[in-house]
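Asks: Construct the entire structure; sequences and hints are all you get.
So the sequences go chain by chain: A, B, C and D.
To convert, count from 1 in the first sequence and add 17; that's our numbering.
To convert, count from 1 in the second sequence and add 17; that's our numbering.
To convert, count from 1 in the third sequence and add 14; that's our numbering.
To convert, count from 1 in the fourth sequence and add 9; that's our numbering.
If you're looking for bench data, these hints aren't it; they were derived computationally from the structure.
By construction, the Cβ of each residue, glycine as well, lies at the ideal position given by its N, Cα and C atoms.
There's no promise every hint is true.
[Stated by the list, open to error] Some chain A residues near chain B, calculated using beta-carbon distances under 10 Å:
(1) Trp161
(2) Pro314
(3) Lys316
(4) Ile318
(5) Val319
(6) Leu326
[What the hints assert, rightly or not] Short, incomplete list of chain B residues facing chain C, as computed with Cβ under 10 Å:
(7) Phe57
(8) Tyr160
(9) Leu306
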Amino acid sequence: MKDKAVSSNRAIRQTLATYGGLMAAIVVLAAFFGMFAKNFLTTTTLLTMANSIPDVTVVAVGMTLVLIAGGIDLSVGSVLALSACLLGWLMVDQKLPLWLASSGAIALGACCGGLNGWLSASFRIPAFIVTLGMLEIARGGAYWITDSNTKYVGSSLGWFSDPIAPWGVSASFLIAVSIVLLGQWLLHQTVLGRTAVAIGTNAESVRMAGIRTTRPMVTLYAICGGLCGLAGLMQSSRLSTVDPNSGVGMELSAIAACVIGGTSLRGGHGSVIRTFFGVLVISILQTGLAQLGASDPIKRIVTGGVIILAVLLDSLRKRSAV
Amino acid sequence: MKDKAVSSNRAIRQTLATYGGLMAAIVVLAAFFGMFAKNFLTTTTLLTMANSIPDVTVVAVGMTLVLIAGGIDLSVGSVLALSACLLGWLMVDQKLPLWLASSGAIALGACCGGLNGWLSASFRIPAFIVTLGMLEIARGGAYWITDSNTKYVGSSLGWFSDPIAPWGVSASFLIAVSIVLLGQWLLHQTVLGRTAVAIGTNAESVRMAGIRTTRPMVTLYAICGGLCGLAGLMQSSRLSTVDPNSGVGMELSAIAACVIGGTSLRGGHGSVIRTFFGVLVISILQTGLAQLGASDPIKRIVTGGVIILAVLLDSLRKRSAV
Amino acid sequence: QPSSSNAKSTPKSSEKPKIALVMKSLANEFFSTMADGAKQYQSQNAQQFELVVNGIKDERDLARQSAIVDEMIAAKVQAIVIAPADSKALVPVLRRAKQAGLVVVNIDNKLDDEILNAESLSVPFVGPNNLLGAKSVGEHLAKSLKPGDQVAVLEGIRTSFNATQRRLGFEQAMKDAGIQIVDSQSANWETNQANSIAASMLNAHPDLKAILAANDSMALGAIAAIKAANKTDTVQVVGFDNISAAQQAIGQGKMLATADQHGDQLAIFGIQLAMKLLQDPNTLLEDRQTPVDLITSGNVAK
Amino acid sequence: MLKLDALTKDFATRAVDQVCLEFAPGQVHALLGANGAGKSTLCKMIAGLIQPTHGTMVLAGKDYSPKNKRQAQRGGIQLVQQELNVLPTLNLAENLFLSDLPNRWGILSRRAMHRRASEILSEFGLGHLDPRCPASSLGVGQQQLLEIAANSWQPTQVLILDEPTAALSTPESQRLFEKIDRWRNQGVAILYISHRLAEVQTLADRISILRDGKLQGTWPRGELQQHDIVAQMTMPASPAMSASPAMPASPAMPASPAMPASPALCVEQFALRPKVRNVSFSLRAGEILGIAGLVGSGRTELLRAIFGADRATGGSLRLAGNVPRPSFRSPNEAVRAGLVMISEDRKADGLLLTESIAENIQLPMLDRPGLAGFGLVRAGHARRVAETYLQDLAIRCDSTDQSVGTLSGGNQQKVVLAKWLERDGNVFLLDEPTRGIDVAARERVHDVIRKLAKAGKGILLVSSDLDELVGLCDSIGVMSNGRWTATFSGPNYDTQAILQAMFAGYSEP
Ligand SMILES: Nc1ncnc2c1ncn2[C@@H]1O[C@H](COP(=O)(O)OP(=O)(O)OP(=O)(O)O)[C@@H](O)[C@H]1O
Ligand SMILES: Nc1ncnc2c1ncn2[C@@H]1O[C@H](COP(=O)(O)OP(=O)(O)OP(=O)(O)O)[C@@H](O)[C@H]1O
Ligand SMILES: [Mg+2]
Ligand SMILES: [Mg+2]
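Replies: What follows is the structure, given as structure tokens:
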């Protein structure tokens, strides 16, 4: 009954237990690069980093939701490209207003995602295959829409990724952060989120509890797809270009961010906020190595090593804490 | 007690039940391309195909074993490249005899695999992360060995992939087929194989039964890595070149072959022979589309669609059979 | 606005300027040669400037390349020499670089003039003309073929500007010589993909007389496919880039020709131009075309 | 033979507290205690699955501190766990020999293995099964037998059986007791855990009782009466238990004599080939209809088919006041039509083991509109609901946030019950609802079932414990080999006739 003090103390301890390992990894990395790369620990670098992660972040949030429900979405990169290409086509060739074009792009992403979810949940096909198929199909669609050309969309989208005056961060970044928070909230406070966790933990128990599993799965995949669409928008705005090749290999980096953040590929476990930390780890690593001008083999080897190390430390820390 | 006749009848029915769906898919695809692509159903084309799949096949066998044990290996493509590069370096720069150089390459692959297995099994780090790290590290290593240069190794390796006179298939192909059979045998008739299935089904139960899981996991990953090394040898021999960029994205096609063949990503289920059929589906599709001269968007869309369809049909057929 | 704060920090004559070389991919021999050339040049002129070299993993990852440029701005380099992975998508970020007061030089792959105009930006270009280079390779090939012969093209990644230029170059040369292109597919610059696609081409078109590959890696794949099909004597291969493995193949007569863009010199030209601009910001911005040489068995380095 | 000295294990709270015990060869030592008393935890420490916080063990005069199950096995100690650990993808033989697959240079000796497996299986009453068939085709009862066989075919010195009979019906249990007798005569020290006091009293040479992790004492056979045992297990007991009104004084009080006549569920010619054949019966509102049968008789399959968990291959069913309809296509349909089913295998399809108690109880409510407003969950509400069940069912736990997987077996079963009681319905399908639940709590559960019946629900109760059926049901149907072979009406049953009916289906062609 030492109430408040104890409970706030416990809250801090719990926060540390949840995020401590990752935060430590981030701090260590930042300190290291700060020491060896000139101008790494400057506001400009940090802002640059902040403004370059929104797309990955948003995709990783969608991926986290899908993974937690026991699924997987390999098509994120392609769907991102497809949405972006549709956006470009609607804006440049059809001259639609921005808001209409972007809603169209996001809606297309959500449809692709929903289709993924519907096929895998209602026909019980492994999500890996369905989304691998979608990876190819959406990429093909992106080439088809753009005729395999990058398309310049000009600066009409620019406001989205331009730094906002007083803070220096872009609207994209703010949106991405709110989506992280929203995702965490969705996971914990909504029926959909709890159902997702339950399905990921034991789909058979959920089915036997009389809960439908198809509809929530479709919704989750649709959310993931929609977020890919949004990420496509963010990326196009940053590059002022839509590119049918964008997002190649993004599935791996998004899943990596999730897994670094502790989301299990077998479903049932995960946290959107921790995924965000995972994104940060990867992006600090990339930026730091680029600023050092490390050679490509070294970059590769260090990236691989650090990813393993980060997760290793996190798991050792957790084990010793228990 | 109608003995023999009944039992052979049953054997046939069981074989059909196991392989029927995939075989049907292959026949349909082959018939389709035979109709529309020039010179598709000719011995030359079939032999070309047979001689171009050994590397993927061998990698997919390794992947199947790892997946069945509940793991995953994303590093296959990179390890393939690394082994091939070592091979090139040993042969061209160190002038070692072929047998020594190739043993070295395969051993290096097995080491990389074993390291994957050891890290993920004994520290309980998700295999996804460990092998993603290895993907980067091995690729970096490959660049480092070759200085990012493609290296021409000439025809000293050629006998490996040259067609053998009377049959027209290469030694590589025969080796790959025997590895498929060996893999299936390993899975069903050896302690290691059954332990793999058990671990993939429920690692916790296996641990509770007093069985060590680290050693078999390390062995399985090492086998997978060694097979990647062998695949590197096969590819180098086929292309007379070692290329640090080879095998990019191979993890996805290998896993796709496994999953098309019905191996579960959650572990515990799978068949090496069905994986081989999965490889065939993918390779017929690719060859057929290339012979049709289909445009890139169409290639992508059709590939994606057919992959989904093949698995969909297989699952519908299985459901109706039960 | 970061631009204003950065503008102040441009060349202080006391300090060595730092130049960032941003490339498409260090995983490719052409670019690694380019990087090596640049590094060597830097070590010979170590007192004049510092060099940071960066490339992306995958030639298609425009977002990453653009992020690298941003990161280089943040790292306060004074000049960026860039081989853009895309001729359009990199323009906006380069505009930001210019606004931040950096010197920007474009090498290898020319930025799109239209977009440069739209972003009201002028960036000097130093680099080869891929179209002409490919055309000269094609013309060399045409000499050993008859009009009406069938050939096939292995293209690079479709979206890449260089891939398009080289394909157009090949096509023009073939058209001029009256040779028929019966098949043209993309093998994404990769040896193994090129191998299987070339094999399919050989099966689908038994009368094929030559394969024109948009880079040497793909040419090597085609050579292996031809050998497997036992057509070494009837089907010829040309490539582009002059990587060492291709030189060996030409030396052994397995390949007819390739084109050398002098990658190692390319970056140096870019750096020299950047240095000149740093010393005298009013240097006239002029594109500079670098030579592309045809390499055949006659002049291949042994 | 094996001596425990001040053995202690701490989780969030202390599960086993300074236990000192001694096991003698050739004796059956029963360990009793309420759910969550720490029995399984004690066994796991002895078998090396978990390490004690402190305390020591001495085995045959030597210090004994196993780091894992393998070491324990080398010391001659075998444990049959309460939870099933059968691997469904392996076949029966492989499951039997998993820890030591017969092989030569790593290659399985299949023929020898299958021969040996057949022998062992028939010793445990599974002789009719092919050792090559996958374990996934076994029901829970059969899995339990397989699990016992897998852990006891090797010669051992100490054999620990943690609730081996919870999923077995009378004849199978009888066979196990014979087996235990034989082990006893071979000089094996047996640690036996069960909540069925009757069998403990006939079987055990000595009885130890645990309460809240503390050893209450050890008594030789016959010294304790049933009510003494219950008193020792529960008396000053956990606050949750003593807080609520005492256990019912008169346990067996068969339901009210005047039955409402309206049927709640009519099942016509139901079939799920090949496990269930043409079953018809009708269940009145307010009736408790028991189903007896041997392990593998198809009771579980019948319930699953009615609930839509498996698609029935034939037959129809009719719910109160409705026209006959084909079987449900999914549990979702069934639940919305007012059916509720407590499934038998809580680990596989009942619980979300890594989730909290509150989360589990809330699960069936998730897609019920109105209860979760605007698609939001009300965590506070869920926790409050869960807390009322902690009281009502005497669930022993640290808090409603504890993950279900760390609860004791009996408490897990109570969570399964709570979840469906909260969901509510008109027809309750209960498959072994008291599996692993201790004596006192079992009465509570029985009370709950009676209350449900009083409230006009139809209750279909499958249980392997014939006494339970006899004490609780208005009538008892018997299934045998997939057929409904007889129906008896209460309250006075002829148990001999019921047992006979359980075997009836197997003699017919
Ligand atoms: N891994 C764990 N983490 C936390 N608490 C645990 C864990 N395992 C067991 N407990 C707690 O220890 C106590 C004793 O559990 P145990 O399984 O030994 O009970 P039991 O006597 O076997 O009960 P039952 O008759 O229900 O099987 C319980 O309160 C349980 O919640
Ligand atoms: N998934 C399954 N696939 C095929 N057969 C099954 C499956 N599950 C159970 N069976 C078979 O169904 C029969 C009934 O199983 P089970 O032992 O669960 O019956 P039961 O009457 O519920 O007995 P108990 O409840 O005592 O275990 C068994 O013969 C078993 O082989
Ligand atoms: Mg217990
Ligand atoms: Mg049952």
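Asks: Take the hints in turn and mark each one as holding or not.
Replies: Going through the hints against the structure:
1. The interface hint given for Trp161 (chain A) holds, since its Cβ lies 4 Å from the closest Cβ of chain B, which is under the 10 Å cut-off.
2. Interface restraint check: Pro314 (chain A) against chain B, minimum CB-CB distance 4 Å, threshold 10 Å, status holds.
3. At its closest, the beta carbon of Lys316 (chain A) sits 7 Å from a beta carbon of chain B; the interface hint therefore holds under the 10 Å criterion.
4. This hint holds: Ile318 (chain A) has a C-beta 4 Å from the nearest C-beta of chain B, less than the 10 Å allowed.
5. With its C-beta approaching chain B no nearer than about 8 Å, Val319 (chain A) sits inside the 10 Å limit, and its interface hint holds.
6. Residue-level restraint check for Leu326 (chain A) holds (minimum Cβ-Cβ distance to chain B is 8 Å; threshold 10 Å).
7. Contact between Phe57 (chain B) and chain C, as hinted, is supported at the beta carbon level, the nearest pair being about 8 Å apart and thus within 10 Å.
8. Taken as an interface hint, Tyr160 (chain B) checks out: its beta carbon lies about 6 Å from the nearest beta carbon of chain C, inside 10 Å.
9. For Leu306 (chain B), the suggested interface contact is upheld, since its CB lies about 8 Å from the closest CB of chain C, less than 10 Å.
When each numbered hint is compared with the structure, no violation occurs for any of them.
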